[in-house]
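Peer 1: What follows is each chain in one-letter form.
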Amino acid sequence: MRGPEGPARRRSGWLGQSGGATLSDHGCSSYALDRRRAEIVTAWLRDAAPLGQRAMYIGAAPAKALHAELADFPALDHAVESGALVVSSAVDFYDLGEPIDPESQLALYDRAVELAIADGYRGLRVAADITPLVVDEALRRSHLHWEQYADRYMTERPLAPLCIYDARKIPALPAIAAVHPLQGPHEPRFAVFGSDRDAAALVGEIDGCSADVLSDVLAGLPATDRCLDVEGLAFLDARTAAVLQHELQRRADEHHPIRIVGASQMFRKVWDLCELDPELIVAG
Amino acid sequence: MSIILPTDSAETLAGGPIVCHTLHTGTIRAIRGRGSDDTVTSGAHQLSACDADRHRVAFYRSESELTDVAVGTFHDALRRGEPVLVIATAEHRRALRAGLSELVDTESATAAGQLTMQDAREVLSGFMVNGCPDAARFEATVGDLVRRIVRRGHGLSAFGEMVALLWDDGMPHATLAVEQLWNDLQERHSFTLLCAYPAQLVMTDGDPSGYIDIGSAHSSIVCGPPSAADAEVVRHFPALTGSPRLVRVFIRTTLQEWGLAHLVDDAMLVATELATNAIRHARSDFAVSLARSRHGVRLAVGDTRSDMAPSRPADDDTDGRGLHLIAATAREWGHHRLDSGKLVWAEIGAPPEVAER
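Sequence lines, in order, name chains A and B. Residues 1 to 284 (our numbering) make up the first sequence, in order. Residues 1 to 357 (our numbering) make up the second sequence, in order.
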């Protein structure tokens with residue numbers, strides 16, 4: 001059941017768009033300068049107070065250094081003393097070097113959200129530097145699944161994390177970025193994110209050049225997802241339609257069927273011309 | 001690199017204008033059907049009339065390419081009596097002034113207030129606050145400058161590379177925000193704008209994100225003077241994964257401009273398949289041509305690989321449905337091997353009585 005603070009519709013698009021912060025935002029961005037990291041984190045966390053959320057910064061450095069990065073955070077010392085801002089080192093919050101266990105990690109976030117609410121806040125707004133979690137390529141697939149698992153939680157609970165990574169160490173994380181409704185620093189091509197606890201939305205444009213990324217993203221969808229809303233999909237081509245069908249068929253074979261809803265005229269045209277299974281699309 | 005894209009080959013593309021464009025070190029030159037001088041003149045003339053060319057961006061690969069594009073654009077503007085505003089680095093102001101001086105009297109133009117040059121870094125410092133552009137300050141500086149010139153009633157052709165400086169400073173958010181401020185300004189004042197970025201700056205390590213983001217903020221992408229929009233339009237794209245999206249922007253903009261919006265979906269589908277093939281299989285930069293035709297529009301994609309003709313893979317192959325989709329969408333399609341590459345073309349559209357059904 002959707003909680004009282006759950007979003008009616010997720011905010012999605014380019015992270016650079018101004019205004020409109022919500023209790024369940026979920027963003028991803030990168031930085032190539034330490035100064036830029038501080039600016040991105042501060043800008044994200046600055047929205048916590050107007051929303052009534054507790055702010056939390058989980059960074060790659062020791063907590064003391066992270067504190068110094070937030071020099072431009074409004075009334076920094078008071079915010080830290082009052083508990084309106086919490087600063088934590090990634091090493092204290094994650095089991096670095098190991099694949100994330102979605103259930104236990106989400107339980108940790110859930111406790112942090114509940115604690116914030118118990119302290120009188122409307123939820124938790126987090127900026128987390130995920131560089132140490134994904135710098136090892138072998139950990140990225142499990143992280144991709146974790147992001148989507150956690151994202152569905154955000155459709156019901158007031159958790160608003162921004163995941164950032166160091167572009168000097170990791171040139172690009174296209175699949176991980178694509179499972180965030182808000183993306184930066186570049187305008188997103190497409191995104192797959194939770195529209196409800198058991199539903200995902202696919203928005204943007206997909207074509208043959210993004211088919212591999214799409215395939216990775218779909219492979220990491222939570223098993224609990226029951227439908228994929230493509231109403232916000234502006235373009236797909238033959239190859240991406242085939243990738244969609246392949247993943248949907250795989251889900252069906254594994255007894256976790258997922259149906260497509262919100263198909264546009266263009267979507268249906270491509271689907272039909274490619275002679276894909278019409279039964280996978282819900283009419284309407 | 002050189003791409004030759006003939007769109008008129010009598011055997012392949014019957015009817016329509018006969019124009020053959022060659023991209024070589026950034027200069028699009030008409031080598032048949034029009035003289036190069038005509039191309040610059042008519043292209044720049046189209047610039048002031050065509051919305052697709054309202055806010056152009058040039059990703060230049062060499063200084064001479066940038067000079068070619070800028071001189072071609074602003075020489076014609078000055079000859080028409082249109083004011084020109086250049087906000088550029090000292091190096092580019094010098095190069096542009098030198099290039100223009102060979103064609104027009106820049107001293108008189110400057111004295112008459114027709115040619116205004118300002119330093120990009122200096123103008124930038126007038127509206128940047130804590131690493132972000134301040135909209136009010138942009139309005140008070142750049143906006144005021146544009147407004148004063150436009151009010152004279154002779155239009156305005158502007159050049160800006162403040163955005164390239166911001167991008168080079170590692171500030172993509174600020175760059176795109178400034179592009180948006182320019183777009184906002186164009187909503188209120190009628191003027192054309194050419195932005196310029198060094199290609200290697202925005203396409204680092206094969207990452208197309210910068211190219212796509214910046215390209216999407218503009219009405220069209222050029223590497224040379226524009227071709228005549230009422231007959232045929234050609235654009236060149238790098239072999240990057242984000243290029244198909246830019247191809248779709250190009251197609252949507254052009255067909256809407258031509259009153260052929262009903263063909264946008266089909267043309268985008270076909271062009272995306274062909275562009276994706278050029279990138280994934282030919283691994284080649286490519287050019288896309290759109291030309292009006294009797295039944296709608298003729299679309300052609302040329303790449304530099306002549307040894308790979310489009311094949312028809314098995315129907316159950318994930319890659320194989322693209323050509324099936326092209327065959328089902330286009331009235332006709334085909335391909336031709338060229339000395340310098342290959343050309344795949346498709347005729348999109350239906351006779352009006354069919355399209356209206």
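Hints may contain errors.
Computed beta-carbon distance windows for the label pairs [claimed, not checked]:
#1 A/ASP253 to B/GLN256: 40 to 46 Å
#2 B/GLY334 to A/ARG141: 54 to 60 Å
#3 A/HIS78 to B/VAL129: 21 to 27 Å
#4 A/ASP277 to B/HIS281: 23 to 29 Å
#5 A/GLN249 to B/ALA135: 46 to 52 Å
#6 B/ARG80 to A/ARG46: 45 to 51 Å
#7 A/HIS246 to B/GLY334: 28 to 34 Å
#8 B/SER64 to A/ALA138: 31 to 37 Å
Just so you know, these hints were derived from the structure itself, not from any lab. Virtual Cβ for every residue (Gly too), placed ideally from N, Cα, C.
Peer 1: Each hint: holds or not?
Peer 2: Hints, one by one, checked against the model:
no.: 1; hint: A/ASP253 to B/GLN256: 40 to 46 Å; result: holds, 43 Å
no.: 2; hint: B/GLY334 to A/ARG141: 54 to 60 Å; result: violated, 42 Å
no.: 3; hint: A/HIS78 to B/VAL129: 21 to 27 Å; result: holds, 24 Å
no.: 4; hint: A/ASP277 to B/HIS281: 23 to 29 Å; result: holds, 27 Å
no.: 5; hint: A/GLN249 to B/ALA135: 46 to 52 Å; result: holds, 49 Å
no.: 6; hint: B/ARG80 to A/ARG46: 45 to 51 Å; result: holds, 49 Å
no.: 7; hint: A/HIS246 to B/GLY334: 28 to 34 Å; result: holds, 30 Å
no.: 8; hint: B/SER64 to A/ALA138: 31 to 37 Å; result: violated, 46 Å
The earlier numbered hints that this structure contradicts are 2 and 8.
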